[in-house]
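Protein chains: 2
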Amino acid sequence: MPEPMSLTDREAEALDAQWRALNYLSACQLYLRANPLLREPLRPEHIKPRLLGHWGTCPGLTLVHTHLNRLISERGQRAMGVWGPGHGAAAVLAGAWLDGSYQELRPDVQRDGAGMERLFADFSQPGGVPSHTSPSVPGSIQEGGELGYALAHAYGAAFDNPDLLVCAVVGDGEAETGPLATSWHANKFLDPVHDGAVLPVLHLNGYKIANPTVLARLPEDELGALMRGYGYEPLFVTAEQDTSPLEAHRALAAAFDRALERIGAIQRAARSGAVEAAGRPHWPMVVLRTPKGWSGPRELDGEPVEGTWRSHQVPLPGVRDDPERLRQLEEWLRSYRPEELFDQDGRPRPEVLECVPEGDLRLGAVPEANGGRLLRELPLPPLESCAVPVERPGAGAHEPTRALGELLRGLLAATEDRRDFRLFGPDETDSNHLSAVYAASDRGWQAGLLGTDEHLGRHGRVLEVLSEHLCQGWLEGYVLTGRNGLFASYEAFANLVASMAAQHVKWVHSAREVSWRRPVAALNYVLTSHAWRQDHNGFSHQDPGFIDHVLSKSPDVVRVYLPPDTNTLLCVADHALRTRDTVNVVVAGKHPCFDWLDLDQARAHCARGVGVWGWAGTERGDGPDVVLACAGDVPTQETLAAASLLREWLPQLAVRVVNVVDIARLMSPTEHPHGLSDAEFDTVFTRDRPVIFAYHGYPWLVHRLTYSRAVHGQLAVRGYRESGSTTTPFDMVVRNGMDRYHLVMDVIDRTPGLGARAASVRQRAADLRERHREYVLAHGADMPEVTDWRWPGR
Amino acid sequence: MPEPMSLTDREAEALDAQWRALNYLSACQLYLRANPLLREPLRPEHIKPRLLGHWGTCPGLTLVHTHLNRLISERGQRAMGVWGPGHGAAAVLAGAWLDGSYQELRPDVQRDGAGMERLFADFSQPGGVPSHTSPSVPGSIQEGGELGYALAHAYGAAFDNPDLLVCAVVGDGEAETGPLATSWHANKFLDPVHDGAVLPVLHLNGYKIANPTVLARLPEDELGALMRGYGYEPLFVTAEQDTSPLEAHRALAAAFDRALERIGAIQRAARSGAVEAAGRPHWPMVVLRTPKGWSGPRELDGEPVEGTWRSHQVPLPGVRDDPERLRQLEEWLRSYRPEELFDQDGRPRPEVLECVPEGDLRLGAVPEANGGRLLRELPLPPLESCAVPVERPGAGAHEPTRALGELLRGLLAATEDRRDFRLFGPDETDSNHLSAVYAASDRGWQAGLLGTDEHLGRHGRVLEVLSEHLCQGWLEGYVLTGRNGLFASYEAFANLVASMAAQHVKWVHSAREVSWRRPVAALNYVLTSHAWRQDHNGFSHQDPGFIDHVLSKSPDVVRVYLPPDTNTLLCVADHALRTRDTVNVVVAGKHPCFDWLDLDQARAHCARGVGVWGWAGTERGDGPDVVLACAGDVPTQETLAAASLLREWLPQLAVRVVNVVDIARLMSPTEHPHGLSDAEFDTVFTRDRPVIFAYHGYPWLVHRLTYSRAVHGQLAVRGYRESGSTTTPFDMVVRNGMDRYHLVMDVIDRTPGLGARAASVRQRAADLRERHREYVLAHGADMPEVTDWRWPGR
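The listed protein sequences correspond, in order, to chains A and B. In this text, residue positions in the first sequence follow the numbering used here: the first is 1, and each later residue adds one. In this text, residue positions in the second sequence follow the numbering used here: the first is 1001, and each later residue adds one.
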């Protein structure tokens, strides 16, 4: 590998030519719909009617792009970019156009004058390419809208990609977000043996939309201390407004060279086994300070533009109507000397392409940024290896997540060499009863190790950090680069990443519409320690709203499963891990839960997603008097308890028990691909019988999913009604009106013609309910008749 | 003020007595329901049936509590605690019991043996006090469940409280979260002249639930660099397992003394005007390292407990059933020598109380932690000062948020001396067209200032940082300590703090049930730059789901308003700023929006929350044929455009136009206090006419709110259907089926008996819709007939 050395003048000039070309291409995307090469003086009709885009960040992005291209082409280094300031999509598109990857994916946008015109006209226009990086931008794995995830995505991309360099450009705006602020610590989880390298470039251009940025206004020693405190070796590259670009190229090239040498040294030491002695490596990072909108218009109407927030979006507005501004624009664009950069046909001249890589090494063509190209089927262990035996429904009980832990253990073992599956979680793998996985993998950890540590190691593929944002960002980066994973979380705290999840759904939904994007693995959540079983915690830990949130997003992507027992959880997890381009939310308990279905029954039930549990009901062939429906483990238990009370107390009543695993089955097929047709729905739920639905989450979700069904007017839903505290499990269902006694009362209240017997049964249920409340307050524990309850069989 | 000096032996011993007392009280809360003073040997029946609580963090919290008490009582320093590891509620409760504040608020729990027994029995039991800090814990302003907000809350509490010291205990688990990681930078926004001081105590006990913590495993120089990089002067206090507590007391006392001197010096310099020259102050912070569960059981079954994750929750489980463990528990509890700490009646002995403050200085009694005690009515300017003139509906247009900016400017000016109102936002005040506020207040900023900066200053009360988490956390801290504020955000990015908002709702809901908590000001959101007008951005910026999220939380707290124009926004904002114990979400546009109502009409409309706009419809006295309902500014515009097309095209059709401002009016009064009765609802919406509802957000929300209404089966809702991109405003409504033409088609499709004329009208609407799509693709802009459209009046 070359030593860091000064560039020759010729090298610096070639880099500068590339940078100018990228800046020209970026700026023109904001403005031009014709005359792309400025062959004639600019006229208003060459200008787009609506000027949209973000110029301010572009020159920094193009600078990094140029220098990454140099590293790649000089060293054959495999690399990808994660473009934090993705609202500067014009810059990333410029790179893909210039390296020729764009024309391969978009044959209508060739690397010539006509293609250039199309590139410009398409940008940020209705029906065209969005103004932020999106799936339609080659070489990108993140939307450039919601800031904060660049570094987490970069680490996710680098895990288990030992030869890859992931360069993450972090804007100084983004750096103020919480998720980004904690992402710097991801270096304590990067295994230098099995993982690739992340090279963060903190790009200080000084301003956000209208404010200075915090980090840009720190003294350099303070910022340096911060980066060293985060565990990096910072390399500072600073360009002021008057710095000559050639000088900046020299400085940045030297910094990148130094960074690559340091990375190489770290990796060689680790891979030769020497690092264990040397301690955790301090990876390099670059602090790149350049003026915002560098090389753009210096001033407008006497106010400074370059180097200030005024260059954030369109630095010269109104150019179509103001000849003086049109002249300024032309002067600006011509300052890049396009005639030196592009030939007669608009093709880049050789000097411009001198340091631009070719083939799959191009940043626009790197396979990891279109991860589906690399995705392989997972070697999932047979479910028989972890299923629980079920002689008859309700005879036994298991902890569902413990069996899931066995499944994941098998999967981690089977992928030990492939290393394309990981488990992520915020310090809860053990608490969530998934600790079987430690038999196949340690928890990955690069910070200090102590003799008392258990299941912590340098090469583990279970990652735990108390930041749901990091877990989510890592998993997104891991999945989008062609691998597989699962995020297990306390149910309530999935809400911390609700917004990230929504952005990922948007990404996947949009990617499905981009012809060249290959499907990626599902992003899988297992939400456990759920609202009903927060025995050791309180109100803050009780929130089932993540389901509602996810179900409001693109139905082609989102799936929600509520397996009622252990074997159904295994079937659902097995399915989820095989799906593509989806976001799967699986809600499952960690506490002992009755086993209702054996493995074959579970498979059949999960395949249907919803089904009548004939063994649990009391129908006699002519349809039910009432339907007891349930979704979720605790609601299923209460529903079966209610069914067994009704069988005992009102044996004449024909009760149907319906269990729902795949909640989207409730929706109309016009609203979700999993939706049951009205005919199927009516067959299961009837058109006109009372339906008492015990649901895991907020009850109105079921109303919103079923509002167009015939039976909707007959539907009473019980669920979590935001009543919680530190209390017993049964008291939780009582507080929220979802307990067995309340369900019995609902049945009696809603089923007409039950007669006098029913009234006394209702009173009995009401009394038991009341007695329970008193018992709990007196004893601080649930009544034995609920804790010891068993499904009586038939 | 005293110099930092060594404690005398007596002082150290008094502190240690206090610490032991607090530890004893904490540990006993986890275990005992009787025999509180260990007057007899422990027997199983003294032990609670369910052992719940978190011991591991308690000894650290009690240590900080003890030393804060010393500072307060020695110096008369006003201080409050923000207890990040709030799952250690037992420790905070112990403090409030010991300082006598608890018995004042809970007369049933006196500071004696009987009260002690009640304190223990009540803890973490059904119907008792939750195991996490919650509103029932005196001196606390945050739930100890969802981690990450301690430091942001602390800064929010310190703003505009110049004499207050806010000590924020940050657990090393919490420190891994994103929100906490960026909260350190809040020191760039703390004005040493007008604000109080924040003293962060980073408590490294080394472990989370089951993992080591990142920060505890860093070398000390790296952690020190991190803290200096964050802009602090760290003071390290380290106690190992074998450190004598007296030594630890001496070290921590010295660190706290040093910190207070430094804080005093910073404040004196700033308040004398000397700081402007000296530059941004580097505030002190303390890194306190102690073993997890320090002073608790050393071992269990041969495994280390103290100093490891095994002491996280209940360090000795199963004590009721295992005599040996019961013996271990007794030995542990007796190790605090309770007989030296409490007298015969269970009252704390004088030595224990020597450094415990009195009156409002007590941490359990500090008025700021029960902020409603300090809350004053806001001097809101008369709305006439910022209302817009409206000659007739739709004649003019204004930018709603610009007028709101005028209202806020007036409020900021009127509170210039009181300093009890602040505006928070993530770098968007300008972008959200609220910049009028700068006439009354700068943006507060303590980092570097440049000559080119505008509206940035040391003493501003508008705070902008690119972290919604910080904005939210600051506002929560500010409001909970008795002040008022507003958070203005891009609509989509409110989702970033969905989880924080839910926790705040839980806090307020629970606080309403605590007799001694006084009502606090509303937490107000203005969500603008909303889903329909993301002209400059794309899909990532289009998400109206925050409304759905908030409406799923406690209805006694949450309110959502969708003002259709400028004057209604002013009325809604004025109302929101006067409310107590609520979370108000106001969604409003920043782009020019037709003025429909003058100020008086707006007041009347907002007072009702929903109303028939007779001037917009074509009823002739015998009820409508169809109802066009709308909520939100863009839906209102499209609805009125549809109404005017129908008037022109189908003049015989009796159309009623209904506008909804307060979305909870749609709900049943059993589900939300603002819900209309069925009779009122039917009067407005009819029981049986088709209702075409154009709604700002996800359409199913309206279904879920109205599912029990008579007219529900006749309801068709149009809204945002997750179809977005960078495109024109009208194309957005077309893509989502909420455009005027689509609404006309809906009316025709759903109103029976319209005859042949209607079919041709429908075709005309469909043609116009199609023509628009083509126009947009060809011109990159909306058709003039929609951009130039004006309400024709009557």
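It is worth saying that the hints were derived from the structure and are not from the lab. Don't be surprised by glycine CBs; every beta carbon is placed ideally from N, CA and C. Some hints could be false.
[What the hints assert, rightly or not] Here are some, though not all, of the chain B residues that point toward chain A, as calculated from beta-carbon distances under 8 Å: (1) Leu1052; (2) Trp1283; (3) Arg1298; (4) Leu1300; (5) Gly1302; (6) Arg1320; (7) Pro1323; (8) His1398; (9) Val1465; (10) Asn1495; (11) Ser1540; (12) His1703; (13) Tyr1707; (14) Glu1722; (15) Thr1787; (16) Trp1791.
[Said to hold, decoys possible] From the structure, some residues in chain B lie toward chain A, with a derived Cβ separation under 10 Å: (17) Glu1331; (18) Trp1332; (19) Glu1351; (20) Glu1416; (21) Val1711; (22) Gln1714; (23) Leu1715.
Outcome of the hint check:
Annotation: interface hint on Leu1052 (chain B) holds; nearest CB of chain A at approximately 5 Å, less than 8 Å. At its closest, the beta carbon of Trp1283 (chain B) sits 13 Å from a beta carbon of chain A; the interface hint therefore is violated under the 8 Å criterion. Against a cut-off of 8 Å between C-beta atoms, the interface hint on Arg1298 (chain B) is violated, since the closest Cβ of chain A lies about 13 Å away. With a least beta-carbon distance of about 14 Å to chain A, the hint placing Leu1300 (chain B) at the interface is violated under the 8 Å criterion.
Evaluation of the Gly1302 (chain B) hint against chain A yields a violated restraint, the C-beta minimum of about 12 Å exceeding 8 Å. A distance limit of 8 Å between C-beta atoms decides the matter here; for Arg1320 (chain B) the minimum to chain A is near 12 Å, and the interface restraint is violated. Interface hint status for Pro1323 (chain B): violated, as the beta-carbon distance to the closest one in chain A is roughly 21 Å, over 8 Å. The interface hint given for His1398 (chain B) is broken, as the beta carbon of that residue sits about 22 Å from the closest beta carbon of chain A, more than 8 Å.
The restraint placing Val1465 (chain B) at the interface with chain A holds, with a minimum CB-CB distance near 6 Å, inside the 8 Å limit. Proximity of Asn1495 (chain B) to chain A holds as hinted, the smallest CB-CB distance being about 4 Å (cut-off 8 Å). Here the hint on Ser1540 (chain B) is kept, as its CB sits about 2 Å from the closest CB of chain A, short of 8 Å. Given the 8 Å rule on beta carbons, the hint for His1703 (chain B) holds: about 5 Å separates it from the nearest Cβ of chain A.
The interface hint given for Tyr1707 (chain B) is met, as the beta carbon of that residue sits about 5 Å from the closest beta carbon of chain A, less than 8 Å. Checking Glu1722 (chain B) against chain A: minimum C-beta separation of about 5 Å stays under 8 Å; hint holds. Restraint check, Thr1787 (chain B) versus chain A: the minimum CB separation of about 11 Å is more than 8 Å; hint violated. A least Cβ separation of about 25 Å between Trp1791 (chain B) and chain A goes past the 8 Å threshold, and the interface hint is therefore violated.
The restraint placing Glu1331 (chain B) at the interface with chain A is violated, with a minimum CB-CB distance near 23 Å, outside the 10 Å limit. Of the supplied interface hints, the one on Trp1332 (chain B) is violated, with its beta-carbon coming no nearer than about 20 Å to a beta-carbon of chain A, more than 10 Å. Interface hint at Glu1351 (chain B): violated, since its Cβ lies 34 Å from the closest Cβ of chain A, which is beyond the 10 Å cut-off. The interface hint given for Glu1416 (chain B) is broken, as the beta carbon of that residue sits about 22 Å from the closest beta carbon of chain A, more than 10 Å.
Contact between Val1711 (chain B) and chain A, as hinted, is not supported at the beta carbon level, the nearest pair being about 13 Å apart and thus beyond 10 Å. For the restraint placing Gln1714 (chain B) at the interface with chain A, the shortest Cβ-Cβ distance is roughly 12 Å, beyond the 10 Å limit, so the hint is violated. Using the Cβ-Cβ criterion of 10 Å, the hint placing Leu1715 (chain B) at the interface with chain A is satisfied: the shortest such distance is roughly 9 Å.
The structure does not agree with the numbered hints 2, 3, 4, 5, 6, 7, 8, 15, 16, 17, 18, 19, 20, 21 and 22 stated previously, though it agrees with the rest.
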